[in-house]
Amino acid sequence: MSKAKVATVWLDGCSGCHMSFLDIDELLLDLADKIELVYSPLVDNKVFPDMADVTIVEGAVSSEEDLHKIKHVRAHTRVLIALGDCAVTGNVPSMRNVFPLDKIYNRAYTENATENVGTPTSLVPPLLSKVRPVHQVVTVDVYVPGCPPPASLIGRVILDVLAGNIPDVRAKFG
Amino acid sequence: MRTQSPPIDPPSDDKRWRIVNATMRRHGYMPRALIETLNSVQQAFGYLDEDALRYVSAALHVPLSKTYGVATFYHFFTLKPGGAHTCVICLGTACYIKGSADILQALSDHFDVKPGQTTADKRLSLMTARCIGSCGLAPAGVMDSVVIPRLTAAEAIAKVEELVKDGHG
Amino acid sequence: MAKTFKIDGMDVSAADDQTILQVARERGIFIPTLCFLEGLSFVGACRLCIVEIEGNPTPVAACATYPQEGMEVYTNTERLQGYRRLILEMLFAEGNHVCAVCVVNGHCELQWLAEKLGMTYNTLDYLNRPKQVDASHYRFAVDHNRCVLCTRCVRVCDEIEGAHIWDVMGRGIDCKVITELNQPWGESVNCTSCGKCINVCPTGALFKKSKAVAEMEKDTHFLRYFSTIRAGGD
Amino acid sequence: MDMDELENIAAHEQAREAQYAHRVRVCVATGCLSVGAEAVQEALEHHATPKGKHHCLVMGVGCMGLCGNGPLVSVDPAGVMYEKVTPDDAPDIIDSLGAKPVARLQCDTNAPFFTRQVKIVNENSGIIDPEHIESYIAHGGYSALVKALTEMPPHDVITQVMDSGLRGRGGAGYPTGLKWSTVAKTPNTIKYVVCNGDEGDPGAFMDRNVMESDPHRVLEGMAIAAYAVGASYGYVYVRAEYPLAVARINKAIRQAEKMGLLGNNIFGTSFNFNVEVRLGAGAFVCGEETALMASIEGKRGTPRPRPPYPAESGLWGYPTLINNVETFANIPPIIRNGATWFASIGVGRSKGTKVFALSGKINNIGLIEVPMGISLRDIIYDIGGGIPDGRAFKAVQTGGPSGGCIPAEHLDVPVDYESLKALSSVMGSGGMIVMDDTSSMVDVARFFMEFCMSESCGKCIPCRVGTVQMYHLLSKFSNHQATQRDLDTLERLCDMVKYTSLCGLGQSAPNAVVSTLRFFREEYQERMIESEVAHG
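Those protein sequences? They're chains G, V, P and B, same order as listed. Residues in the first sequence are numbered consecutively from 1, following our numbering. Residues in the second sequence are numbered consecutively from 1, following our numbering. Residues in the third sequence are numbered consecutively from 1, following our numbering. Residues in the fourth sequence are numbered consecutively from 1, following our numbering.
Worth flagging that the hints you see were computed from the coordinates, not collected in a lab. A virtual CB, placed ideally from N, CA and C, is assigned to each residue, including glycine. Among the hints, erroneous ones may be present.
[Claimed, not checked] Restraint ranges, calculated between C-beta atoms of paired labels, are given here:
id, chain 1, residue 1, chain 2, residue 2, range
1, B, S531, G, A32, 33 to 39 Å
2, V, E161, P, Q132, 36 to 42 Å
3, B, Q481, G, M95, 42 to 48 Å
4, P, N190, V, A154, 41 to 47 Å
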């Protein structure tokens, strides 16, 4: 049996969901037999494959780079899993949504800056006017809420998806 | 029946409080007279300020938060004084179909005031109404209590210019 | 006179003053609630407890409806499940429920309901309406971002404490619970600082200051105590 | 006061009017007043005075219907009507009395606008002086109340109302007699009768007209209802935005009290009925009966779950009968002429007439009263005179924010409660707004949703948040930004808000969207964009 191609993507989030994913203990050994991690912040390969069987997304869509990345990922993924509250609801990154963008830039790069005062015009990806959960930008197949989702749940969801099911996840936010 | 005189004195010796007191007396100072009394204050003073709300609450034995809840529920009540002149644009369906939203926008742009607010110089309050019941005269507006039928944007601006120019108020 | 009717096919009976919800709870049938709290008057506002009645196209609120003889009530149809999830989605979209408290202690009824009713994500757009936090009271604080406008605080303050410092102002989406004349809570002269509002709040909107989040326990035992007194006193 | 005295007053007033060779009536209802009817009346009086004492009587009267062409003046016995009259026309009108009418002002009273109407509710509108109780009495006013009090036991009155087939004119069409019967049968020594004059539908002014043009009719209807159900206290709940209606109702109450037609021991019987006016303070939701009662009790006008219905537990927990203005206005003629007469007008389960406020893109704008069962086509093309500027008819909106938009292919549908409901609309209180091919139906739906959103009381979640969500989605359509998923969500919300909201406002808030999606779906589809997000 060939191994399933699994990718993980880190958008705007704290990486806690990735940590939780790594926390699945001995299940990691089971998974290692079944999957090949083809793209991830955790591995060296920085080119997204032609077609991943499963992609796990952590984080909300905050910047133009996030938007570009997730659209590319969606187009090259069979099953897309939104992992954690940031991907599912926008969560902490989306708390900026009540403020206009110029105020946010101003606070970050001018008011509180001591060096290089002023909003950067290059190198930093421009922010979107509103932070959005992944499913408002591309189609999501599986939602796994939690901040972070417990490791056991992540493991179960991945095994379910590999078995060809779309699991009904009943997990709490937060 | 409750007492026949208000348990506390009005916030000031302004004679208009007599009208308010008369309303409360007519209803025996019952809490149920809250809306009627606030109507009285609104009509006598043009708005409901904090003193008025505290006075009415105390006189009618209504909790402060309940009075505030009622005062902010009904659109007829305002907590801030309006401008010297008022222009109301009807946004009822008949007026809407005939373009009253554009007229409102034109007035808002021309006088730099958002609907529901008063200009910085306190000369004009630009208001909207849900339906003034003059659908036969759509699109209609009310300028200082006078209904103006079949408005156009240019006409409305001219009328309001005239209104705020005159020395009164 | 007692009535006999059916809930989810089960034969049940109700006393005259029992609502559908009370009978269901008596028989261990789960109907989700949010604005309802045993011991306070009911308002039928959150609509989570809606149930279907055979022959009636419009569901009714179980907390506010008295059963009739022979009625057939259904509490958990697919249609109701869909409606309830959408109600929760509306609440999550209306306020800001990104809440550090809920992560830890699990005492948030809204969070619990979302899990229980299987709301895993929100199909609606978030409204992103900024709301205030009032921490002017020396012991308590209110975060309007978490408020679901269930009015339990308004009712407990009026019906049990008798202070009526809480009420609702405005209308529609601009509704907000207020203390006195929409003034800082700390300036309220009539607040007895009894803390009952804190204990009945289903979310983290009303909370005690200087408590570690994990300690934020809700205690509504006093409501049962008061209901007992009332039942005896009437 | 007894029947003889009432007849004396009537005879005296009729004789007073008959003294004059000519009677010139000027409409002084809100519509005509706002285009200068008061000045016209003054000018007519001014020019009539020199003609001698009993030459001509100039009267201020209620609405004559053709509000879009005001100020309106009618001349009796010549039977002529003038439109768009100015004070400068007064000499010509006065000089023409007894001679050839003033052709340039004449309005064709043989036009279908006038001939196809059937007037019951508005029978006195435009004829009597609303500020003089004698004028109402001279046209048979208060005789129904006398008849009820002196000849009919309360249950006979209810039977008459039941047999007449009258249904609530406020919108839902609940059988009036049944409502009365429930209140009558609920035992209590204290009961209330409430007249719902909180006409809040944008585009509707039927109730205002009755209160302004014939206020005593409403009071008489309420008094008969109070007698029938055993109430002795009544409230008229009127919008503060209708100052003239408020003033006239208040004046009418004082006049009726003075004559002993309201108050204690009416007509020497043991029946007491006292009426007070309560002002609505600008909240559409107060048209909903439980919200209206909360408002009369001095509270925030938020609805509560029903049952219990007001008939069992209403104002302050007492049994309360709530009917709208037009419903009460139908009562005196039913009692006067009998249930059989009333039931002979109309069709099927919809009896009598209905008053509509015809407005929008239509030639004859104004108030009309038509028999139930008339087709929409007859109303729009015959009575309404068709669409102006050579444009094509697109839809007619009935029922205000709770109603729907009916397209051209359904114009032959009869106007009755059931037929309109089958078209995702409602009879409603009587607003009828005509739209031509320049109107975007998506924008119309958005307009009504904006209304519902800002009038939502905020108590229940589906209405408070659902209307905002639907408004945002409709805005996406308006801005050509919507996706298939938005359309799906919109339809899901329509269903959910309709079936889970606490009161009628929320339950009917999606109607405008539902009906436009049903009949004008392509207008929504034209405004959609391709999206990378899949359906559902």
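Range hint 36 to 42 Å: satisfied by the CB atoms of E161(V) and Q132(P)?
holds (39 Å)
Range first: 42 to 48 Å. Now tell me if the beta carbons of Q481(B) and M95(G) are that far apart.
Because 25 Å falls outside the window, the suggested range is violated.
C-beta pair N190(P), A154(V): status relative to the range 41 to 47 Å that was hinted:
violated (54 Å)
Supplied distance hint 33 to 39 Å, evaluated on CB atoms of S531(B) and A32(G)
Distance hint for S531(B), A32(G) holds at roughly 38 Å.
In this structure, the hints that do not hold are numbers 3, 4, in rising order.
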